[in-house]
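Trainee: Protein sequence lines, in the order shown, are assigned to chains A and B. In this text, residue positions in the first sequence follow this note's numbering: the first is 1, and each later residue adds one. In this text, residue positions in the second sequence follow this note's numbering: the first is 1001, and each later residue adds one.
Treat the hints as calculated values from the structure; they're not laboratory data. Computed from a predicted structure; not experimentally measured. Just to be clear, a hint being listed does not mean it is correct.
[Stated by the list, open to error] In silico SDA-like links for lysine to any residue, alpha-carbon gap of 20 Å or less:
#1 A:Lys92 / B:Ala1123
#2 A:Lys92 / B:Gln1154
#3 A:Lys158 / B:Asp1203
#4 A:Lys105 / A:Leu119
[Stated by the list, open to error] Residues from chain B that face chain A, not an exhaustive set, calculated with beta carbons under 8 Å:
#5 Gly1084
#6 His1190
#7 Asn1193
#8 Trp1222
[Said to hold, decoys possible] Derived list of chain B stretches under chain A, where covered just means 3 residues or more per stretch with a C-beta under 8 Å from a C-beta of chain A:
#9 1036-1046
#10 1201-1207
#11 1211-1219
Where a beta carbon is used, it is the ideal one built from N, C-alpha and C, also for glycine.
Residue-level listing of the chains:
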Amino acid sequence: MKLKNSLLLIIMLCVGITANAQWKKNKANEDTKIWRYDLECEGIAKQGSKLVKVWSYSKNPKHAISRGMKNAVHGIIFKGYAGGGQGCTSFKPLVKSAETEAKFKDFFDKFFLDGGEYLKYVSAATDGSIAAGDRLKVSRREYKIGIIVNVQSDQLRKRLEKEGIIRGLTSGF
Amino acid sequence: MKKHYQLVITLCFMLLSSVVFSQAKKPTLMVVPSDVWCNQNGYMLSFNDQGTLVKIPDYKKAFQENPEVIQVISHINGMMADRGFPLKNMESAIKTLNSNSAEDNMRTSKASGSAVSESPIDALKKVAKADIIIQLTWTVNKTGPKKSITFNLQGLDAYTDKQVATAVGTGAPSFSAEIPVLLEEAVLAHMDNFSESLQTHFDDMFENGREIIVRIQKWDDWDGNLETEFDGEELGIIIEDWLADNTVKGRFSTTDMTEDMALFEQVRIPLYNNKGRAIDARRYVRDLSKFLKSPPYNIQNKLVMKGLGRATIILGSK
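Starting from the given sequences, assemble the full structure and let the hints guide the process.
Mentor: Below you can see the structure in the form of structure tokens.
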């Protein structure tokens, strides 16, 4: 009897943990579903890369951190950034047309899946710790978290060229 | 069965040839230090032209004495090659021209001892050239101990003289960084924007055609001119009509038209002819040349070309 109760308890615990994890994941996806983030240049990176600080918004600071990389890759593809300090010049997004995202929706949905291909093109530029000035509480229930990442923009561009989403410099020649 | 095989093979060849010919003519690009940079850094040749002091850039000296210019050009070449667009290297082009010239001077025919033929025009044309010149300028700004670099890249179409791409800006000032490091940062910071504007130019070219310049001139001994009438229409107007019919969306501008010459700019020519083959200014203007040679005009003419984008027809004879 005792064994039966313990087994039931373990099963319930497992189900609970899984459901909680799934809920958290969904919550994080919900927060970033509308691609609400800000992108700024953080300096001149090595050739073929962009060093950017991405500010993500979320009710939970952990979600904002976990979504930062996804937002950064999305930003390089669709938003670009204005210039700024540290010798930064403006960067136009790789995809110019607003319709392209809708046209290649299937590709981008798959590309930006959790653990998806976008991870190949981004890496953390710091040791993971977030400076106090980069963790802002913007309202009673919302945080704005800034993380610095390195996006391999040249590789990303080549990938999109290969997919026919954007034209390369040599297209047509 | 054999017939089927032959049909399939023929279709494959047709497909292959259409793929081969569907590539537009690729322009060549070359980075050239600007006159301003050469002047500021003392790489100029001066000579007296009938009382006027004329200065021209001494590129050879710049490449031999300034390691920074080699570094910047090498960096730009590398980044463009990475995008599938390797550039012509000016230093090598100058060396090749010199060695070719030396070889041509020494070469004689085994049979007759004759030298290689070269007209004065050919001699004039022997310069390092490209379809798009990337003009490079940088200046080092100093404010106390702080240094920064103002960097300017201009992509200039060698035929239309238009600026087709650009990237310009001043980098962040630094107390400690050395000039080569600041230059490297400047190239990294600006090349994306430069490629971007070049891409916009190519996109426009694919949509609206290649922009060329067409000049019409006449030999002095020809008894006709551009005001000569054929069926009540002046020759100049007939040429304009031909251009209107054969340019993309009828786009061209008549910049100058006198009885002896005409200059047409912003002439948008299609990238391919009706056989699907890539064409340049020469191929395009050759059709105009044939048109003028045919009845009722019967005007003999000479076609002279300059790269992908400039062609001249001289009316009267070959």
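Trainee: Determine for every hint whether it applies to the structure shown.
Mentor: Structure-based check of each hint:
1. A:Lys92 / B:Ala1123: violated (44 Å)
2. A:Lys92 / B:Gln1154: Given that 20 Å is the threshold and the Cα spacing comes to 18 Å, the pair holds.
3. A:Lys158 / B:Asp1203: holds (18 Å)
4. A:Lys105 / A:Leu119: Roughly 18 Å separates the two Cα atoms, so the pair holds.
5. Gly1084: This hint holds: Gly1084 of chain B lies near chain A, its Cβ roughly 4 Å from the closest one there, short of 8 Å.
6. His1190: holds (6 Å)
7. Asn1193: Result: holds, 6 Å to nearest chain A Cβ.
8. Trp1222: violated (39 Å)
9. 1036-1046: Violated, because only 0 residues of the segment 1036-1046 of chain B bring their Cβ atoms closer than 8 Å to Cβ atoms of chain A.
10. 1201-1207: Answer holds; 3 residues pass the 8 Å Cβ test.
11. 1211-1219: Three-residue rule not met by the segment 1211-1219 of chain B, so violated; n is 0.
This entry does not satisfy hints 1, 8, 9, 11, going by the numbered hints stated previously.
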